[in-house]
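A.B. asks: Line by line, the protein sequences give chains Z and H. Here the numbering used here runs 815 ahead of the position in the first sequence, where the first position is 1. Here the numbering used here runs 815 ahead of the position in the second sequence, where the first position is 1.
Worth double-checking, as some hints may not be accurate.
Because identical chains cannot be distinguished in the list, a pair is counted as satisfied if it fits within a single copy or across any two copies.
What the hints assert, rightly or not - Straight-line distance between alpha carbons at most 30 Å, and here's what the computed DSSO-like set of lysine-lysine pairs gives:
1. K842 <-> K911
2. K938 <-> K911
3. K905 <-> K915
4. K922 <-> K938
5. K905 <-> K842
6. K936 <-> K915
7. K842 <-> K913
8. K842 <-> K915
9. K911 <-> K936
10. K922 <-> K905
11. K915 <-> K938
12. K905 <-> K936
13. K842 <-> K936
14. K922 <-> K911
By construction, these hints were calculated from the structure, which means they are not laboratory data.
There are 2 protein chains.
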Amino acid sequence: MHLGYQTMVELYGCDRNLIDDEQIVEKILLELTDLIQLTVVNSVIHHFSPIGVSGVVVIEESHVAIHTWPEHNYVAIDFFTCNEQYDVTKGIAFLKEKFKAEQVETKEITRGSLNTISRIKTKKK
Amino acid sequence: MHLGYQTMVELYGCDRNLIDDEQIVEKILLELTDLIQLTVVNSVIHHFSPIGVSGVVVIEESHVAIHTWPEHNYVAIDFFTCNEQYDVTKGIAFLKEKFKAEQVETKEITRGSLNTISRIKTKKK
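Construct the complete structure from the given sequences, taking the supplied hints into account.
C.D. replies: Okay, here's the thing in structure tokens:
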């Protein structure tokens, strides 16, 4: 059992113009959180000079972060949630379509082992 | 070769009061970015009711994100940077000391394979 679930998504072959527009990227991120019912607390979006966008949405369930490299048609996205009930797969399919990605890769990891937490608490007693 | 480098840090056995105070957490995050010379673009910090803090610092080099579970004395931190020149190890030692963590675990992954990017570009021609 773990406290956090993290999915790291690589979107290759995306539309360069879409992923270099911070208004489009922010709109898509907020549509995404709405689609998979994540509760937005706050968001930050930034366009780099000369190229690229970074955005983070802090959600009640942790965060969604995006970084785009338009010059490489590449987008990195992280979903960090505090339980497994969210349909991240549906979210990834949505992003693939919206950014017109050709190839998607995902990695999943867990965060905060409850076994380790319990072991350290026992040791402290 | 890759576009991004991500280090995921688990801090176990932290001081519960420190990691439940959003002002302390934000101060430590900003000291951290200063220490390892990351350039801050914007930051978001949020205290959850009844307990826990989430914070994200968007940096020129990508982001640093933190989530705390005071009830479990646990903190999750992510460093996402666009090159390997930053001394993340020094940053982790700083966080371990500041949050009084007893145990630290780290995982490192790469993001955005330049081989895959090149292969997709060739296919498109």
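A.B. asks: It remains to establish, for every hint, whether it holds in the given structure.
C.D. replies: Hint by hint, here is what the structure shows:
1. Taking the shortest Cα distances, K842 and K911 sit within 30 Å of each other inside one copy (15 Å), while across copies they are farther apart (37 Å).
2. For a Cα distance limit of 30 Å, the shortest separation of K938 from K911 across copies, 18 Å, qualifies, whereas the shortest one inside one copy, 46 Å, does not.
3. In this assembly of identical chains, the alpha carbons of K905 and K915 lie at most 30 Å apart only when taken from the same copy (15 Å versus 39 Å across copies).
4. Within a single copy, K922 and K938 get their C-alpha atoms only as close as 33 Å, which misses the 30 Å cut-off; across copies the closest is 24 Å, which meets it.
5. For a Cα distance limit of 30 Å, the shortest separation of K905 from K842 inside one copy, 17 Å, qualifies, whereas the shortest one across copies, 36 Å, does not.
6. Taking CA atoms no more than 30 Å apart as the test, K936 paired with K915 passes between copies only; the shortest distance there is 14 Å, against 48 Å inside one copy.
7. Within a single copy, K842 and K913 get their C-alpha atoms as close as 11 Å, which meets the 30 Å cut-off; across copies the closest is 37 Å, which misses it.
8. Proximity of K842 to K915 under the C-alpha cut-off of 30 Å is restricted to the intra-copy arrangement: shortest distance 15 Å within a copy versus 39 Å between copies.
9. For a Cα distance limit of 30 Å, the shortest separation of K911 from K936 across copies, 17 Å, qualifies, whereas the shortest one inside one copy, 43 Å, does not.
10. Taking the closest pair of Cα atoms, K922 and K905 come within 30 Å of each other both inside a single copy (15 Å) and across two copies (26 Å).
11. In this assembly of identical chains, the alpha carbons of K915 and K938 lie at most 30 Å apart only when taken from different copies (16 Å versus 51 Å within one copy).
12. Only between protomers do K905 and K936 lie at most 30 Å apart by alpha-carbon distance; the minimum there is 27 Å, versus 38 Å within a single protomer.
13. In this assembly of identical chains, K842 and K936 lie within 30 Å of each other by CA distance solely across copies; the values are 27 Å between and 43 Å within a copy.
14. Within a single copy, K922 and K911 get their C-alpha atoms as close as 15 Å, and across copies as close as 27 Å, so both meet the 30 Å cut-off.
The structure fails none of the hints (numbered hints given earlier).
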